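Undergrad: So you can see what is in the structure, the chains are spelled out below.
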Amino acid sequence: GAVVSQHPSWVICKSGTSVKIECRSLDFQATTMFWYRQFPKQSLMLMATSNEGSKATYEQGVEKDKFLINHASLTLSTLTVTSAHPEDSSFYICSAREGVETQYFGPGTRLLVL
Amino acid sequence: RKEVEQDPGPFNVPEGATVAFNCTYSNSASQSFFWYRQDCRKEPKLLMSVYSSGNEDGRFTAQLNRASQYISLLIRDSKLSDSATYLCVVNMGAVDSGGSNYKLTFGKGTLLTVNP
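Residue numbers (our numbering), protein chains in the order written: chain L, 55 to 168; chain F, 47 to 162.
I should point out that these hints are in silico values taken from the structure, not numbers from a laboratory.
On a predicted model such as this, the values are computed, not experimentally measured, just so you know.
Idealized CB from N, CA, C, for every residue including glycine.
Accuracy of the hints is not assured; some may be wrong.
If we take Cβ atoms under 8 Å as the criterion, some of the chain F residues that face chain L in the derived model are [said to hold, decoys possible]:
#, residue
1, Pro54
2, Ala75
3, Ser78
4, Cys86
5, Glu89
6, Leu150
7, Lys154
The whole structure should be built from the sequences, with the hints applied where relevant.
TA: Here it is in structure tokens:
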């Protein structure tokens, strides 16, 4: 079946550091990728929708200048958390859409900002 | 009203029990519906889609009532391996030819623990 990978799987960094997370669809081309964030005991919250070759669409309340998304190819999207702060510590999950409705999730990246 | 609302749980049941999860959604124009399971500290994985006519996959049965904006999941003969958080997920965007409004909205999830 389709596989989506994320790298790194976990990150510990100092406050003020920028962190880049990669999301790859390994055996299919994904025109659309999604970035979610999940805080402990909370639901996944969509942060942004990333379309290949165009600007990402951000959900309300998500700062586009803080969470930079690049979707340069049909198999790769990146999320950069700029100047990370402790409140950005969370579980970041990407997903890639295949076809009309099928969506596959990556294994997630745990970010801890000290 | 929350966009997707689920039983808060948690549910603790013995092996072999039947468990029912309930979910309601706020957007009557929602197009498609899913149940995902999420294991601790892992990504969500699709359990099954939910169709208007209801559908079954082994021990799992999903039902949809569009008039009531209600979705359910029934697990029969529960196993230890069924222990997980069950997420009700709704596509609140229109699935048009380009699917440009496709957007999954997740419920908070209901934690199930199946005990030996």
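Undergrad: Each hint should be assessed against the structure and marked as holding or not.
TA: How the hints compare with the structure:
1. Pro54: Violated. Min distance 11 Å.
2. Ala75: violated (16 Å)
3. Ser78: OK, holds: Ser78/F within 8 Å of chain L, min 6 Å.
4. Cys86: violated (11 Å)
5. Glu89: Glu89/F check passes; min Cβ-Cβ to chain L is 4 Å, inside 8 Å.
6. Leu150: holds (7 Å)
7. Lys154: The hint holds - Lys154/F has a Cβ within 8 Å of chain L, the shortest such distance being about 4 Å.
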